[in-house]
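Number of protein chains: 2
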Amino acid sequence: MNDPTTPSAPAAGLEGVVVAESEISYVDGEAGRLVYRGYEIEDLAENSTFEETALLLLDGELPSRESLTAFTERLEAERGLDDEVLDLLHGFAADADPMAALRTAVSAEGMFDPDAGADPLDGEATRRKAIRLIARFPTIVAAFDRLRNGRTPVGPREGLSHAANFLWMLSGEEPDPEAAGILDVALILHAEHGMNASTFSARVTAATLSDLHSAITSAVGTLKGTLHGGANAEVMRMLLEIEKRGTDPETYVDETLDAGKRVMGFGHRVYRTIDPRAPILAEFSRRLGEKSGETKWHAWSERIREAMESRKGLAPNVDFFSASTYHALGIPVDLFTPIFAISRVAGWTAHVEAQYAKNRLIRPRARYVGASGRTWVPFEERR
Amino acid sequence: MNDPTTPSAPAAGLEGVVVAESEISYVDGEAGRLVYRGYEIEDLAENSTFEETALLLLDGELPSRESLTAFTERLEAERGLDDEVLDLLHGFAADADPMAALRTAVSAEGMFDPDAGADPLDGEATRRKAIRLIARFPTIVAAFDRLRNGRTPVGPREGLSHAANFLWMLSGEEPDPEAAGILDVALILHAEHGMNASTFSARVTAATLSDLHSAITSAVGTLKGTLHGGANAEVMRMLLEIEKRGTDPETYVDETLDAGKRVMGFGHRVYRTIDPRAPILAEFSRRLGEKSGETKWHAWSERIREAMESRKGLAPNVDFFSASTYHALGIPVDLFTPIFAISRVAGWTAHVEAQYAKNRLIRPRARYVGASGRTWVPFEERR
Chain A
1 MNDPTTPSAP
11 AAGLEGVVVA
21 ESEISYVDGE
31 AGRLVYRGYE
41 IEDLAENSTF
51 EETALLLLDG
61 ELPSRESLTA
71 FTERLEAERG
81 LDDEVLDLLH
91 GFAADADPMA
101 ALRTAVSAEG
111 MFDPDAGADP
121 LDGEATRRKA
131 IRLIARFPTI
141 VAAFDRLRNG
151 RTPVGPREGL
161 SHAANFLWML
171 SGEEPDPEAA
181 GILDVALILH
191 AEHGMNASTF
201 SARVTAATLS
211 DLHSAITSAV
221 GTLKGTLHGG
231 ANAEVMRMLL
241 EIEKRGTDPE
251 TYVDETLDAG
261 KRVMGFGHRV
271 YRTIDPRAPI
281 LAEFSRRLGE
291 KSGETKWHAW
301 SERIREAMES
311 RKGLAPNVDF
321 FSASTYHALG
331 IPVDLFTPIF
341 AISRVAGWTA
351 HVEAQYAKNR
361 LIRPRARYVG
371 ASGRTWVPFE
381 ERR
Chain B
1 MNDPTTPSAP
11 AAGLEGVVVA
21 ESEISYVDGE
31 AGRLVYRGYE
41 IEDLAENSTF
51 EETALLLLDG
61 ELPSRESLTA
71 FTERLEAERG
81 LDDEVLDLLH
91 GFAADADPMA
101 ALRTAVSAEG
111 MFDPDAGADP
121 LDGEATRRKA
131 IRLIARFPTI
141 VAAFDRLRNG
151 RTPVGPREGL
161 SHAANFLWML
171 SGEEPDPEAA
181 GILDVALILH
191 AEHGMNASTF
201 SARVTAATLS
211 DLHSAITSAV
221 GTLKGTLHGG
231 ANAEVMRMLL
241 EIEKRGTDPE
251 TYVDETLDAG
261 KRVMGFGHRV
271 YRTIDPRAPI
281 LAEFSRRLGE
291 KSGETKWHAW
301 SERIREAMES
311 RKGLAPNVDF
321 FSASTYHALG
331 IPVDLFTPIF
341 AISRVAGWTA
351 HVEAQYAKNR
361 LIRPRARYVG
371 ASGRTWVPFE
381 ERR
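Top line first, the protein sequences correspond to chains A and B. When the letters of the first sequence are read in order and numbered with my numbering, they come out as residues 1 to 383. When the letters of the second sequence are read in order and numbered with my numbering, they come out as residues 1 to 383.
None of these hints come from the bench; they were simulated from the model. Hints should not be assumed to be uniformly reliable.
Each pair may be met inside one copy or between any two copies, as identical chains are not told apart.
As the list claims (entries may be wrong) - The calculated lysine-lysine pairs, modelled on DSSO-like cross-linking and capped at a C-alpha distance of 27 Å, are: (1) K358 with K261; (2) K358 with K312; (3) K358 with K296.
On a predicted model such as this, the values are computed, not experimentally measured, just so you know.
Extracted from the complex, chain A is given alone in its bound form (with noise of 0.2 Å):
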């Protein structure tokens, strides 16, 4: 039976549906260009910071030095956990994927929020809600990976930008300047990305006029698929998979190529030609294995980028180079999708934002190709 109210074909993955006006950010699919708020990615990585990059997403402007000033006290006063979060996170499952734990901590920081009881349309309070989330992902992330390895948390230190504080939480240890600066533009680079699956999740949420954090959970939920965030995991996992089988690059890439299967890091829904986040996060790669010594990870990435170009014609996504800049940086390969969601929160969050000021519930259709004509029967007239 079709149902004959929605003839049209199912487009299931709504590839091409618009379904917003949105002045956050502008992907040039065809010419390779990301856009936040008007300024391009490549510009932004070069000047800007984590910080300015995240208000100016919400804001539409570059702040003042003042704004910029105050957003970052705020975010710096709010970056510790509330006791009562900090004590769930003690008995979160040390097993657990990280984004398991991140998705359940920002949830339960739902409940803790000063403002949780807060009419989502009342801007201001979800704004409050929106800059706490952002200042304690790192925190959450840290503390969690700290807790499964026996070790106790270590608190957010003054003085220390977004991205160096958060390897400050992470190891206890004094950042090193070079790393918490390649950190920080990589936030930058993941910090939005127009209608992705995770942005979208989230408006999809907060469309019904559910709060905050419950389109936060949603996105940091979607985001942990290996279609999306999950990606630059997956890719880690891949390098170190052709370490452990001793075979090189180019004959990983044709085995699983050849197995029908999907090397990770690959191609991308709106991108036709370049990626720009990932000549960035090569550069990244290159850089800090020279620095370190081990020059492997990114030459055979860029073997595997080679390959790929050579047998799928395919371009490297924002995760391929993230992988091994990551794990030049020294964070576990679990985490690499967590630090995305460190960054784009400040997307989502812009989003949420833009979603209330012009509200409209995101309900759509179902073709029904089911059963019909069926009548209840007890179990004995049952075939």
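Starting from the structure of chain A, add chain B where the hints point.
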């Protein structure tokens, strides 16, 4: 600047946009029919149980006696919470919205589930997770309610139906058979409803190949909003407000509409005429009112229904009479939406299984209408 690659007008609510073919349920908005797997909702309400309906939704067929017995035993065996999750619940905020608590607990379940590390495309592992979640939703809601009231959680009791056991765990008292029967039918009525917002959010999350717990966590957060599952609690708050004001229902409707505000529980994105679930719940509301001698909630509901029909031509939806029904069952107002979730998790899990079976990343587009051609400048040069 308009994005030339996405020229079409935004479909902000995705109204009428078909995102999937589905064999699970058919919502006939014109005729006011709801069909699960080929069975009319009235037929299932009359003859089935929540357990049988849940298995019907998951498997597509009315089960044999043996299959239903096995499924019911699995549900009973999985009702209890792990100590780790129960410990976490003890640390939840007593004043938290129960939907925020449920969202957090479901997410936490994802850290402790024995199949937490399984590939989402492993259908057997995903089904085991689905059964655990369906089984535990009532346990979580009841335990949170008791804990927030300073009481010890009551564990599940064997030999009780899903609905009766929930009432048992909530009150610690022998459930009234008629109350349990009515709740059982209410659970049938709410179990599935096509590509509604929470179900869609679950599928958007699952479509990145994230796990079932992520998808269901998204759905809980999406259901929480007042434009979706949150509406049934809003209906009851309206009835309580009428009592508090000492006004009559017609005056309340007039004043609310004249102030440009929404009267909750009316109209539906899909149903153009009648929501077939509403009359069934209206009958329960009436019957429970007469039984208890407290008839005003049902009587006022009927008067609001008539006023809304005459003033706006709108019919009540599923949320409208579920309010007075649940209130008559002695359920606290802020548990109305969690009860919706206790039921809908059956449909959610069926939809996530269907999404995995034929997956495609759900990634729409935004049409960029923001600034263009800007260049980063230092503070001194900013306007």
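A quick look at each hint next to the structure:
Taking the shortest Cα distances, K358 and K261 sit within 27 Å of each other only across copies (17 Å), while inside one copy they are farther apart (42 Å). In this homomeric assembly, K358 and K312 come within 27 Å of each other (Cα to Cα) only across copies, at 24 Å, whereas the closest approach inside a single copy is 41 Å. Taking the shortest Cα distances, K358 and K296 never come within 27 Å of each other, neither inside one copy (49 Å) nor across copies (38 Å).
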